[in-house]
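Colleague: In case you want the letters, here they are:
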Amino acid sequence: MSMASVDRVTIPAASKSSRTPRRTASGASLPAQGHPMVWLTAGMLGIALAMVIGLLLLVFVSGVSTFWPVPIVRFELVGGATHMGEVTRRESYEPAEDVVARLPVEALERAGRLLDSQGGVSHRELVRTGNYDLTNEHFNWVSDFEIADKTRPEWAVIFERLTWGRFYGEPVAFFLDGDQIANDPAGAWAQFKQYHRAVSQSRDRRYRLESRDIGHVNHLIEKARLDVRTQELRVEKAEQQYGAGSEEYRRALESLQEEREYAATIDAEAQLEYSRVRTEIDAVNAENARYQILMRISDGREVLVPLAEVVRGYPANRLSFFRKIGVYVSRWFEFFTANPREANSEGGVFPAIFGTIVMTLIMSVLVVPFGVIAALYLREYAKAGPLVSTVRIAINNLAGVPSIVFGVFGLGFFSYFLGGAIDQAFFAAKLPSPTYGTGGILWASLTLALLTLPVVIVATEEALSAVPSSMREGSYSCGASKWQTIKRIVLPKALPGIMTGMILAMARGAGEVAPLMLVGAVKLAPELPIDRYFPFIHLERSFMHLGFHIYDVGFQSQNSEAAKPMVFTTTILLIGIIVVLNLVAIRLRNRLNRRFVSSQF
Amino acid sequence: MSGPFTGYQRAKKTRPGVRISEIASKSIISVAGIGVIAAVFLVFVFLGSVAIPLARGTRTETVANHQELSAAQRSDAAFLAVDEFLIAGFKAQDGGRTLRHFRLDTGEVLGDLTLFDTKPTALSFTQQDGWLAAGFADGSTILGRVYFDTRFYENEDVPGNLHDLEIGEIGVLAGNAVERTPVGQLRQQVLTIELDPPIAGTTESPVILIDKTVKTSGPVVATVNADGILSIASVSLRRNILTGRVTVTTSGGSFTIPEYDRENPPISLLINAFADTTYLVWADGEYARLDTRDLQNIGILETGSFFAQSETGRRVTVANFLLGRGTILLGDSEGTTSTWFTVRNDAATARDQLILVNAARFSGSAPVTAVASSSRKRLIAVGYADGTARTFYVTNNAGLAQIEMFQSSPVSGIAISPRDDALLAVSANGMSVVSHNAPHPEATVRALFGRIWYEGNAAPDHIWQSSSGTDAFEPKYGLIPLIFGTLKATFFSMLFGVPIAILAAVYTSEFLHSRLRAKMKPLIEMMASLPSVVLGFLAALVIAPFVSRVVPTVLLSFILVPLVMLLGGYLYQLLPGKLRVIMARHRFLLVLLVAIPIGLLLAIAGGGLFERIVFAGNMVAWLDGQTGSGLGGWVLLLIPGSAAVVAFVMARKVNPRLRDIYRKHDDRFVSRMELGRFGIGLLGTILLAVSVGGFLTLIGIDSRAQFPGIGPVLGTYVQRNSLIVGFIMGFAIIPIIFTISDDALRSVPDHLRSASLASGATQWQTTMRVIIPTAMSGLFSAVMIGLGRAVGETMIVLMAAGNTPIMEMNIFNGFRTLAANIAVELPEAAANSTHYRVLFLAALTLFVMTFVVNTVAEAVRQRFRRRAYQL
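For the record, the sequence lines run as chains Z and F. When you line the first sequence up against this note's numbering, it's residues 1 to 601, in that order. When you line the second sequence up against this note's numbering, it's residues 1 to 871, in that order.
Calculated from the structure, these hints are not laboratory results. This structure is a prediction, so every number in the text was calculated from the model and none was measured. None of the hints are false.
Okay, the calculated bits of chain Z under chain F, using three or more residues with CB under 8 Å as the criterion:
{"hint": "1", "segment": "511-517"}
{"hint": "2", "segment": "547-554"}
With a straight-line Cα cutoff of 30 Å, these simulated DSBU-like cross-link-like pairs (lysine-lysine) come out:
{"hint": "3", "chain 1": "F", "residue 1": "26", "chain 2": "Z", "residue 2": "383"}
{"hint": "4", "chain 1": "Z", "residue 1": "493", "chain 2": "F", "residue 2": "12"}
{"hint": "5", "chain 1": "F", "residue 1": "13", "chain 2": "Z", "residue 2": "487"}
{"hint": "6", "chain 1": "Z", "residue 1": "523", "chain 2": "Z", "residue 2": "430"}
{"hint": "7", "chain 1": "F", "residue 1": "13", "chain 2": "Z", "residue 2": "493"}
{"hint": "8", "chain 1": "F", "residue 1": "26", "chain 2": "Z", "residue 2": "493"}
{"hint": "9", "chain 1": "F", "residue 1": "13", "chain 2": "Z", "residue 2": "383"}
{"hint": "10", "chain 1": "Z", "residue 1": "487", "chain 2": "F", "residue 2": "12"}
{"hint": "11", "chain 1": "Z", "residue 1": "150", "chain 2": "Z", "residue 2": "324"}
{"hint": "12", "chain 1": "Z", "residue 1": "383", "chain 2": "F", "residue 2": "12"}
{"hint": "13", "chain 1": "Z", "residue 1": "482", "chain 2": "F", "residue 2": "13"}
{"hint": "14", "chain 1": "Z", "residue 1": "487", "chain 2": "F", "residue 2": "26"}
{"hint": "15", "chain 1": "Z", "residue 1": "493", "chain 2": "F", "residue 2": "519"}
The beta carbon of each residue, even a glycine, is placed where N, CA and C say it ideally should be.
Chain F with its partners taken away, still in its complex shape:
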């Protein structure tokens, strides 16, 4: 440590403060940074975690199996039911004369109640609303309701032995089961029986079949007696408020079943929800469908057999209605359960143009002995002779669960609990309660993406209809119409936006003066900052009403404005070379202020004529298919194609020859020839379109016809339609595509440009042969990113597309996209319901779609960038 003093020795160690802040900053930034990135990916994970339970299968578990019941009583169960909270149930015994009330957990009998003094000869009961109808040997009928009434008690109100009941434990209070709720109250399920006074029959003949339906105006009862007479009566009950006496009045009609065979009477009588159609079913599969709209004039609509001719041994064992009383549920001796409903069919022989069809079929292991329909879904439970039971979701054709209910004795009765969370089955050997957890049976892959045959539809189809006013309504979760709508929106907006954006970018980067370019770009980019809600509002409330009054003019301007631009170019060529140089500087202004206005003016002037020629004078009527022929529409549709064909032919066959001729002449001649060529090309395009369109019309294909898969392309005009959406969505996608394309074109190295120009290529040739091919991948990624934006755009389509989930390619009607659908329906969907999860699945679909599209675009762009650097 010797030597001259050179100053203070600096500490070479890092100060502890710096070191600590270094470590702290590094760890904080790393943790928080990774955390933020992880949080962003949480979006994906969370969406998935909500949607995935849709795929969860059905789980079943035997909760209780009571064998001792058989010893005490007979095995028959005319009908049976369970309460909503799975604490008690009842079953009709002794042919329906008495009702046995029991606890579900222990099977303990809470009481046997007498329903009727005499044994009924026919019974019909619906668990959903508790309505019961019974027919007797003297021809009379009794209507009533049997149901559980829920009452709540506090501890103070009940005897002391119930005070210690744990949550979920079941006890008995006054002959009815009680349960401690999670909130601590006691919930009692009181078995309530309300019977109306008997209704005397028209004859003394015993009732052999009975069914009822409850309309808003009151119940309607249908009976068949031993003499083969079908009677239908609508019943009105009037209760005297003071005395409590109920008076029953009926009105109705009857019908004698033709060729009635006393030895082989029908085994089932079914009357539908509106009481306008009644079915009679025989054991051999024969059925008759009766028109009961006018009860004074009942007639047969249709007869037939549920079975094919060859299946002689097959017998119908059970026939009942599915929820909503529109679909017949049929169990047979071969173990098959099938569903049948009427659909409209032109080939139908029945007066009402309806025909009964088989929609779904579910096979089982042994003859069907009992069926039950859920009270809230299209879910059925089927009991078989071998003691097993199966559950199915009817519309999706989906088998859910298979349960071994009893060792070998046939299932004689089966019921689904009101919340669809358990099955109750009885047999000669006893009773079995099985929990049944099918969280989302209505949303299978088939239902979401396949064609499903919903009740009343002519054929299986993709349908989205998530809610409606009635209980019996079945939600239809077909995502395909929404995906179709999304693609349709994307297609039309890309059709409009991509050419404008790309061509504008080409002009801006290759031909526009650099000073103007610096101003133009931010201006177009400003378009991107317009909030989409503003665009949607303008589209729906300003542009749509305006366009609907001038559709032909708008369509014409789509053709005329570009034509005038091209024409402008040809006319410009006619100018002498000197003038052309001077004018070139003002080219953009000329186009903007002269060509576009002229095009628009021509379109306005020619709109009426155009409508007369193409649309027979009235476009709306023409689109409805009322007037004119399909020729005009064909020409309109074929013009882009025929223009391409003509241009191709010109380039291949005409231009090489012209080139030789041009070589010998001066510009004046050439420019005139070019103008002539343009005129001939135009004429050729129209001629080609007219002749192909004429041919198509001649062979009978109308341009307004339904095309397979996509529906009509030109169809009924709706104010908020794809044309409007395509146009206004242009505002959203043009700036994006424009900016990225412009960047891509600009980043083509200048030495390529210079080399091309130096070898004598014109600027246009350089652009077409050098710049665009080099920037191709950049342009592609621009289009892809624009596509991603169009797919997910919400507010514009929500406001301007009408939001009807139909699958038609029609330019003039609306659609519903995934995004708009989510915005409309998610606020109303109950958390964790099937609907909610399906909407999350839609969001996930959207997420994945855009993510994939963007990733592809990004990858292409990165590659392009690397290549551009290498050039």
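Looking at chain Z on its own, in the form it has when it is part of the complex:
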């Protein structure tokens, strides 16, 4: 150990004192020191390092800057078109001849000069122009040679809307109950600020009414329907088993009748409740419809925007630094706590965070006891021999089996085989729509538990074998039994190692996506796996997952450019979780190592 660290520095071949270039034949010549090759190896380490740091920086910078409000720029193009929006990206390219040639004559010369001065290269900016409902475009490229005028309109306002994505425009007037109560930008904006909070609150109330109260009504109706169906199945079974004339059949028929009557009353009640909620929603909608703001968009059209549509609005070019921070923080807050909007490209990722955490926890609960028991068996109880070492190698190798293979197994065995059997036995009323017979959070957790089992087994085994045998022998010599030794001496000593294994397993489980695609992660799961209906934890439900969210938003959304910021923030969140878990594990491992160094008596 000491030898190696002393010798880190290359010793020059020639001795300092010798004046003449006299050398002994045995002295190391310059080529023997292989400097260029050492430099090459150093360079490779440098590349590896640069790769990690570069990637993390890329993710970090893109993710952290996403929510920062940027100014709204208005471009007037030489062709007469105007674009207003946020600049999201810049790049340079070589415009094709015909693109330039299509410019109006008066602009041609200027464009030609500009291009010549830049060596034929044009700089262009990708402007997020929003207003998709009005223009059918989310983004526009603006090249430098076609810009006639570039301004930052003072009153340019950005609205993040409930539907149709972002809106860019300038306030013109404000309407209350159809009456114009402000007719200049400042006045309209003041009115907007005054009413927006209240309108947002009542919109949230409407959302609650729609999702919670109507959801409750639907739940009651569905439950009654299922009860009837269950009873119907019982009747059929009785008919097959005992025949149509039997007592059992008659009794089953009677209770079916009761069940149907009960369902009818529930239905009636539900209808009543439904219409009550409906009137309430209508009232809220009517109240919200009173407030409207008239906006002028970049091409001069004026559009009425109902306040209830606006989730967040701010005049981007008038924001002070602190206001910007306010917008930034509120966006992060929404990201963590809200449901996704706009095909997952806006809003928050709360269900995905929730799903990831619940899945990882269930997985840990499943994997740790079994992993520890398996390791205990291998290390403490099984007779050491070729069989055990073969098993050990095999388990080691399972850690290297591709995760998708476990996903395939999970789909075939858990979802289709086990889940299908469970559905037949307990959820026959719901068939043919599957309950457990499809992907769900339980199956996903089980699949990942199987996937991470080798991690826990290997880590626990290492921890167990690191417990010095002198401690075991000491315990035995005091008369403790094997189990007592394990319980009181070995396991407590090995606990940090087991924890490391668990955390590593959690980190791996949280980052895996491929198997989840097969066993239950979905792009949108409005129902969380835990809610207020019996039995409260719904393990059969499919769920959202941060990793799958990244895949889905980045690859399956129609507007991937607009979704990109969302992907970066989700990425930073996922990496954050995993890096923290890993760091904790590394810490624990180091502490464990140190403790055992000191306890080697």
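Guided by the hints, dock chain F onto chain Z, whose structure is given.
Modeller: Just chain F now, with coordinates in the frame of chain Z:
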């Protein structure tokens, strides 16, 4: 028990509680432990259990054999069909004038229905869609449909005699067969006949051959009459909603068959699915392929014979289309059934550049008398004159079953049930129903791993294409393109990752300061914890679009950055010895902050020039083969090889001589000489690459050409390609290889290091001659484990590789790996379908591949560890 009192006597027995918990813990841990380990191996067993049924052969069993039918009626069966649930069937009799409807289980006749008033002179029927076309002696034709319509009844709706029908039992309701379904309903199969009004022919001459196809625009009918005139008409049917009257309008054209011989008319007329090609087949094997795209201008495309010239006695007995109406199915008097379809061929003489070829051949025991094609697969049933029948799966060239249908009378008609689960055959002696269970005929070993000639392809090939929009589509389950894609992904990621990881590990363990080393390792290991979905996302949406704009620069930086590192080493040697010692401490920072940035800057600056010189100014166009010569590509491909050759020659021929010279000079001289040697070596490398590349180009081999087996190596640029995957997969495999290599190098005992250094070896010599050879097996296992990871990586390739299952080694296009394929297709595959099982087989392949690779690596590592301890 005497003596002084020494304290309380302790009970020497173990307390029962302890004993019980001991036994309990031991048994629980043993059972659960073994259970967990068994559960893990269940994965393997389960995957196998799903995949194994693919290999299950065909089982047949005679369900019913009805002899009495022959007594009642004549033996002819112009056509016949079975319903989907195997309860009823029908056959056309009396030359197709009447239709006999019967139960399958007892053979009981349910009714004889008259189809036409006069006996048709030509008939054509397809069971799949029920379309029937008949031609008559007066030149007219009738189109129609004959099929089973399924209706459901509850017990209350039917007469009492059917109430007691058991599940699966068959009864009769209103002249049609009914069956009790497992759910308890009654399912009736109603024989339905719909005939359109007759279409008058252009002449009064009797129709001798007829065929039809149903396009989306409507049916097209082709006829040949006794005068040798082929007419093709597309028919449009308009039904008046109020009156229910159907009006038929036709438009079409005709064609006089040249050299028409009334005594020897064609025996078969076939019109393909799109009605753009029509075939005429004569009994002696002659055929004519006609262009019928423009019905006003029908012409012969190709004529020929199905038989070789020597086979004079051979006669065509049956000719029909396979499912999808693209492949001709031909039965002959020698008992051979063959399939024929057109393929594109440059040597073809026909206008459309197509040529009719024989794709498969199935031999039988006696002359072929009847053939039937399945309505959902490329499965055929062939009846022979000796009363036997055989089934074949056409594309795989696979014989499935051989069935003794009748004692000796020839099979006169045969049909495959709509679900491919039974065969119905009739002969003069009667009728036979045979259950036919061929669960996965499309997935034989040959189909999965061999070259298969699919319809319309120029030649047999490995193809993976599991689904498509149309019914007639044939799934193609060639796993080879996926395995190729997997290996390609592995190859390129290893090419990028292994040198970086191993060399970095060498530097970290042998040259890096120990304090820095302690920090470096966790940092690199952190790379391993980056979720692959993040890597895939970055690769596909950030790196791929970026790289596609600067490909030449990226390629150049792969050459320049290592070169600058080496150059840095040579320049460093120029420094006086004292300075070198001081600098050595900062070597890593120098490389990281100076050499790499300089290399990158040079690459950026030289990118344009590089593109002009190597790729004739436009890389994308060059890769498409539009501009420039192949020389630049050759140089690029040959540079690693020629560098190796030059280095070898230098080491063998130049260095020993230089060593003698160096011995007489000081470091300054030596370092300059070395720099010069480096420059000469560089020049030599380029010269060698250029001259070999030039030679190859001169003899006409372009670097962009298709190479046998691997396709082009440099080809069309696709944004998501192997280069990107190789790079980003580096993030996944570098940390693994790095960590294990570093551990292996570190675990070489220090006394070996010390001994080597003490005997005067430099650190580099120690590393090369002592450390690396000792740790070789450890390094090998590191590479193997990295390989295992690369083989199974899913998300990165799923997102960044484009997922096209092609077999090309082209660096600049994508591929589809086994893992990505499973991720894409398994959610859509129906449980227990062939597709599902093939995907399980793919998963099993992946499992076995990685398991074997890892086991080898693990075994090597264990051995290395033992050896390292012994040293």
